[in-house]
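Undergrad: Residue numbers (the numbering used here), protein chains in the order written: chain A, 430 to 543; chain B, 23 to 136.
Read the hints as simulated data drawn from the structure, not as lab findings. Since the model is a prediction, treat every value here as computed from it, not as a measurement. Do not take every clue at face value.
To be verified - Derived lysine-lysine pairs resembling DSS-like cross-links, with alpha carbons at most 27 angstroms apart:
{"#": "1", "chain 1": "A", "residue 1": "Lys449", "chain 2": "A", "residue 2": "Lys485"}
{"#": "2", "chain 1": "B", "residue 1": "Lys79", "chain 2": "B", "residue 2": "Lys25"}
{"#": "3", "chain 1": "B", "residue 1": "Lys25", "chain 2": "A", "residue 2": "Lys479"}
{"#": "4", "chain 1": "B", "residue 1": "Lys100", "chain 2": "B", "residue 2": "Lys79"}
{"#": "5", "chain 1": "A", "residue 1": "Lys498", "chain 2": "A", "residue 2": "Lys479"}
{"#": "6", "chain 1": "B", "residue 1": "Lys100", "chain 2": "A", "residue 2": "Lys479"}
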Amino acid sequence: GDSVTQTEGLVTVTEGLPVKLNCTYQTTYLTIAFFWYVQYLNEAPQVLLKSSTDNKRTEHQGFHATLHKSSSSFHLQKSSAQLSDSALYYCALSDGSAGNKLTFGIGTRVLVRP
Amino acid sequence: GPKVLQIPSHQIIDMGQMVTLNCDPVSNHLYFYWYKQILGQQMEFLVNFYNGKVMEKSKLFKDQFSVERPDGSYFTLKIQPTALEDSAVYFCASSTGLGVNTLYFGAGTRLSVL
């Protein structure tokens, strides 16, 4: 089956510095889409980025990610972290099947300190 | 953005009792989902639901689980009877379509089975 790996459980970054969250995947499907969800404390996970196009940069709210099928990756980056970016970030894969099921990574908690 | 409301946020019950988790999906969405997240693990797909019927369910969706959305009201997940291993956070989601449509999640219901 599909799998999504997020290698960092916790990333601590100083405000204003860049942050990168890793996401790699395994799938046998050809038609795939990727999502980054962000979950702030006591709130619902909400979609941050979505991409299904290989090698195309996707941006939203200062974050960006590029799907690289050659390396099976969809890393999330931001050039300057803000205190409000402290949250839990999930990488998720949709295999494009009729069921629209998502396979999630375990999540990476980001802590931005002043 | 679109909001999915889950009631209650936390439920504590004794093993063997019945529990119903309620979800108020986004008003114009037609597809509904339940995901389960055990502490320290990733969110995992349980079931999806459309037009009054279960479309797909995972192996985590045990015989004791059932879902329904009577007369367009709450989308519910019922567990009867509950077991200790049912303790988890249950996330409801909805979407306008299938394929790679974005899922909108609720904040989750934390179920504690004692």
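Undergrad: All hints are to be evaluated individually against the structure, with a verdict given for each.
TA: Results for each hint:
Taken as a hint, the Lys449 (chain A) and Lys485 (chain A) pair is honoured in the structure, with Cα atoms around 17 angstroms apart against an allowance of 27 angstroms. A hinted pair counts as satisfied when its Cα atoms are at most 27 angstroms apart, and Lys79 (chain B) with Lys25 (chain B) qualifies at roughly 24 angstroms. A hinted pair counts as satisfied when its Cα atoms are at most 27 angstroms apart, and Lys25 (chain B) with Lys479 (chain A) qualifies at roughly 18 angstroms. Proximity of Lys100 (chain B) to Lys79 (chain B) is assessed by CA-CA distance (about 14 angstroms); at most 27 angstroms being required, the pair is judged to hold.
For the given pair, Lys498 (chain A) sits about 15 angstroms from Lys479 (chain A) by alpha-carbon distance, which is consistent with the 27 angstroms threshold. With a C-alpha separation of about 32 angstroms, the suggested pairing of Lys100 (chain B) with Lys479 (chain A) is violated against the 27 angstroms cut-off.
In the structure shown, a violation is registered for the earlier hint numbered 6 alone.
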